[in-house]
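Starting from the two chains in their separate frames, assemble the complex, guided by the hints.
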Amino acid sequence: MQYIDNIIFFIALVVGFGLFFKSLKEIYRNIQLGKESNRSDQKSKRWETMAKVALGQSKMGKRPIAGFFHVIVYVGFVIINIELLEIIVDGIFGTHRFLAIIFGDSLYGAFTATLEILAFLVIIAVVVFFIRRNFYGVKRLTMKELFGWPKHDANWILIIEFALMVAFLTMNSSDWVLQQRQVLAANGSFPVSSTLLGPIFQNFGDGALIFTERGAWWFHFIGILFFMNYLYYSKHLHIILAFPNTWYANLEPKGKFNNLDSVTAEIKLMMDPNADPYAATPDADPNAVPEKFGASDIFDLKQVQLLNAYSCTECGRCTAVCPANITGKKLSPRKIMMDTRDRIEEVGRNINKNGKFVDDGKKLLDDHIQREEVWACTTCNACVEACPILIDPLSIIIEMRRFLVMEQSAAPQELNQMMSNIENNAAPWQYNQADRLKWASE
Amino acid sequence: MDFTIKTMADYAAEGKMPEVLFFVGCMGSFDDRAKKVTKSLCKILHKVGVEFAVLGQEESCNGDPAKRAGNEFIFQMMAHTNIEIMNGYGVKKIVTACPHCFNIIKNEYPGLGGNYEVLHHTQFLRKLMEEGRLKIEGGIFKGKKIIFHDPCYLGRGNGEYEAPRQLLQKLDAELVEMKRCKSNGLCCGAGGAQMFKEPEKGNKDINVERTEEALGESPNIIATGCPFCNTMMTDGVKHFNNTEVSVKDIAELLAEADDL
Ligand code: SF4
Ligand code: SF4
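Taken in sequence, the protein lines are chains W and E.
Residue 154 in full-length UniProt numbering sits at position 154 of the first sequence, and the numbers go up by one each step.
Residue 75 in full-length UniProt numbering sits at position 75 of the second sequence, and the numbers go up by one each step.
Chain E on its own, in the form it takes in the complex (with noise of 0.2 Å):
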């Protein structure tokens, strides 16, 4: 990266407080896929000129796959190890990439003493958008197909369904529904911890059946805004033996657009 990310340790030590605390997560720290979601949002939001900080070495899973597990120890350690952190740094407003984290610091921190504004990528950035900071121009999208996959942890966990599809729409291609969306959207597979284990046996693997409906709408790309349906998906594409299609992050296809 052409640019140095700041910690809010960094912040702290010039005594500043950044505008927003991006929470990378673990996806997006250390899956290589993940991590160029994480480098296409920092991009973006440097290019806006949004100060934002990371906590780097002292960022903690957020719990998530350990609570939707059962095990609710480990989460909860996890939180008030979060928690501590960010709240002795004074963090007031957080963005994550990931749904899970979003809806895990926005949802299930508050009880343990973790108040923050809580934003989803696309939320944060569809706001930049309102305010002007952020021009969104698709030229090069212009004749692709795009089709969205709602992550359950935004859609039917938050409500959130029209932030990632304002900020689709601007990037001139033909954005498609499936069937199943929205609402009614189809989960990828991998939410609730089932990302970390083998399915249970079946006659098929969800983001199997997931992949095939995108595929069914012949799109060019597969919209996801969360790590964990972008592996799915990528994985299902890869089953298909489809080399057609890309899976890509609004946050990649944002850079993207702007040749980041």
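Bound-form chain W, shown alone (with noise of 0.2 Å):
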């Protein structure tokens, strides 16, 4: 029965690591379900934006204060995993601190100080979130939209960091301790812990040490794999999508929209003279559905903009600018990617349960995002600019604008009213294109 220990961690880390890729399939195929995007040119500027971007943390510097307790988190982060690595050899072989063979004495020193150290930092981060977060007021922080799962999810991310965090330092401290007794070989340096906790660990007897030792080990393994699942329902994807995000951003002037080409053919036949409106195209295929101008619901957006869903971390760093949200309108770029988020997801379940999509009656255009909100956008790109990690609410906002329009010319009066104008006039307001020189004569 000696290896009962090892064949339990070994299932929990197989049922661990297996339901997290089985997420992130679910995931990628909820993905899969918007149009294809053309996003894979420009190879080596993707690179460099994703390194300046998701691991140089590039725009958190906006706003240094959580910049800077983000960072901490986020190296914190990287580097316990290396951690992980330790853990998962440990917890198979019944080694321990097997990496202490492999490095050496002085670097795993500066290893395990490191790591301390940061475990520390990351303590103080959450501690620093969590108050600003829940007492401080940050108006993008408390907004409505955030009310409900959103605040838990975010609390409960912190909550998790610093459970996580002390089990880490619990078990470096009685570890040192029963260093110090020499009932373990002494491997490492724990600066936080031998003044920290360690002397509490002090009085406690040896069994009560070694118990206390592999209880937070086992905690913060377990808590570990508990996290990864966590993500699947969670904000805190991002750790993981802000890299594929940020490798897809648009490298495009943010001024720029895509033209359709579906118009385009259609409009250059009808500007033709010589074109017989009445053909049919020699190569059409009389079984195509006609394509369906803009979006209403994630089956027409297209898979980038599902990626941006998944990876918003609502900050609400987008609608903090927003002019329209400042000045008290009820559009919310956060709340738009939120709301496509909800939709997808709402999808994948109906697909998991159904085998396939099967029509809900539900879109995201009115059953999520309200009309009101679509038209109040000013196409300014503050949200787009504003964004740590490239995500394009605006994209979304003017597909929903070309739906309303194009599919069920359902623009505001005042809309309709400007573009016959155009149309007629080629200006939107009411007058005569023979006039466009006067203003030379005047």
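Keep in mind that the hints were calculated from the coordinates and are not lab data.
Where hints are given, some of them may not hold.
To be verified - When the alpha-carbon atoms are kept at most 25 Å apart in a straight line, the in silico DMTMM-like pairs for lysine to aspartate or glutamate are as follows: (1) E/Lys93 x W/Glu252; (2) W/Lys62 x E/Glu200; (3) E/Lys93 x E/Glu117; (4) E/Lys197 x W/Asp366; (5) W/Lys268 x E/Glu117; (6) W/Lys438 x E/Asp2; (7) E/Lys39 x E/Asp235; (8) W/Lys330 x E/Glu174; (9) W/Lys438 x E/Asp31; (10) E/Lys43 x E/Asp259; (11) E/Lys43 x E/Glu19; (12) W/Lys363 x E/Glu200; (13) W/Lys356 x W/Asp297; (14) E/Lys204 x W/Glu145; (15) W/Lys35 x W/Glu442; (16) E/Lys201 x W/Glu252; (17) E/Lys36 x E/Glu14; (18) W/Lys59 x E/Glu177; (19) E/Lys36 x E/Asp259; (20) E/Lys197 x W/Glu414; (21) E/Lys35 x W/Glu442; (22) E/Lys39 x W/Glu442.
Shown next as structure tokens:
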């Protein structure tokens, strides 16, 4: 029975990672529900953008305090993942601090010391974040769209991270005392544990210490597995998806909107004096479904827009700079992203249940995003500029306008007037095109 | 105007090609306030000796308000009409006094067969200044405080924050910045076809919010580089019953500096 620990460990590991990959697969499947996105050009520029924005956190500096603490949590997270490697090897083979052998004394000392300090800083950071989010009244963190799950989610993450770090330091502290007593081999250096928690554990007996050390080790390990699987339900998915999301970011000038090819073809035909408008195009497929203009549901959006929705951290930097939102309109670019993700997940559950998507009578537009929101946007790109991971809420808003205008003719009355003026007079007002040069003689 | 504005057709009749086509745009052609900007720019170009033409009656709306409102059909109809005419004349270089014309011709026309070098008037004027063709003396602005409001489609849309500022710096005035400026600039509220409709319900109009911020720095002049911003900021200043502060396009300020 001496291998029971290792076996339990192994099973937990396989189940934890198995569920995690199942979630990832589901997310991948859901993103595939969108239209293809043609975003694989300029590869070197894309790698560079990803390295700068996701890895290098280049956009976090805009808000220096939040940015600083975020970097701590982020670096802590990255380094602590190396520690996961040690946990896994130790867990499977029943070794203890296996990296010590590989790294050698001084390197392992530096490694453990770094982890300790980072864990300590992470604890400070999450406490600061918790206070700021819950008691400090930062407007973008206390808005209506965050009520309910999004708010709990944000707090849960902080609590889990706090617990994981405390478990980590508890494990080290008891380990350190055991090392002092030469129960365990002396490996690593523990600047935080030896000064903070260590002294408390001095009074424990060896048995209690071993129990504490093992308990904290298991807690830490199971906690990481839990956290990994929690991601699927959380805005914290960004710790993974920020990478592909920035890689697939829009590299064009922000002012540039795409031209719809299907429209181009039709306009060309319309404007060509030699074209016979009644002749069918030779290669036309009689069964082809006419292309839908714009988007009313997630299936009409591009895959990259769905990826955007999954990546959103709900930080609200977009909404905080949105002129419409600032002046009290219903539009919030963050809510556009959250709604889109909610709808994708709704569709995903539908597929899980039915094997394929069965019409549920719902749509992203109207059931989640209101028309009033869509029409309030000034297309100013402030939200796009503000997003720390290069999400483009504006592109979704524009696709919905296209749907409303070209599929439903449901633009606000004044805009219809403007558009028919352009059509008839080549200007948004009722002026005569023949008068376009009048100013020169005034 | 005390000189004739020539059209592309005029130049073509002479068998000549102007240095640049000035795409005037709908605001610049029809809006009384924006017409002044149009004329100022023409005066500067004329003074400097830049041979320029307009399309005149052959010009159509660039299609921006239709496109931002979601009507790709009307946008592309306008775009094709303009492209056909401009390509017919063999246009190479275009200057606009409107960031919306600038953005759409620069970024969205190429995909439809319209490839030109497109410059916003502040970029073109800066170039003329750098080449020594345009001399700016700002004597009359000495002691004045000027604040610049970044147009979204010039700034965030196309990354141009410096050209307008470099021109304004030559005016000997004190150039001040709002807290929200450059890439953090706040929209005037007119973009995305908002100009043509009532705003959605809220607790404030966007132009009021923006003008309030500008007035907070107590400038003498709010400088703009977009006819839409110009209208919105002018309305904003009126909203506060402020008669001290004027809203002027950079082209107007340069023309004034030169007593044109
Ligand atoms: S582009 Fe639209 S949604 Fe984004 S900040 Fe501007 S007004 Fe708000
Ligand atoms: S879209 Fe970007 S800025 Fe807006 S909430 Fe999501 S992550 Fe934050």
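Open item on the list: For a quick check of understanding: which of the numbered hints are violated here, in increasing order?
Closed with: Hints 2, 8, 15, 16, 17 are the ones this structure does not satisfy, whereas the remaining hints hold.
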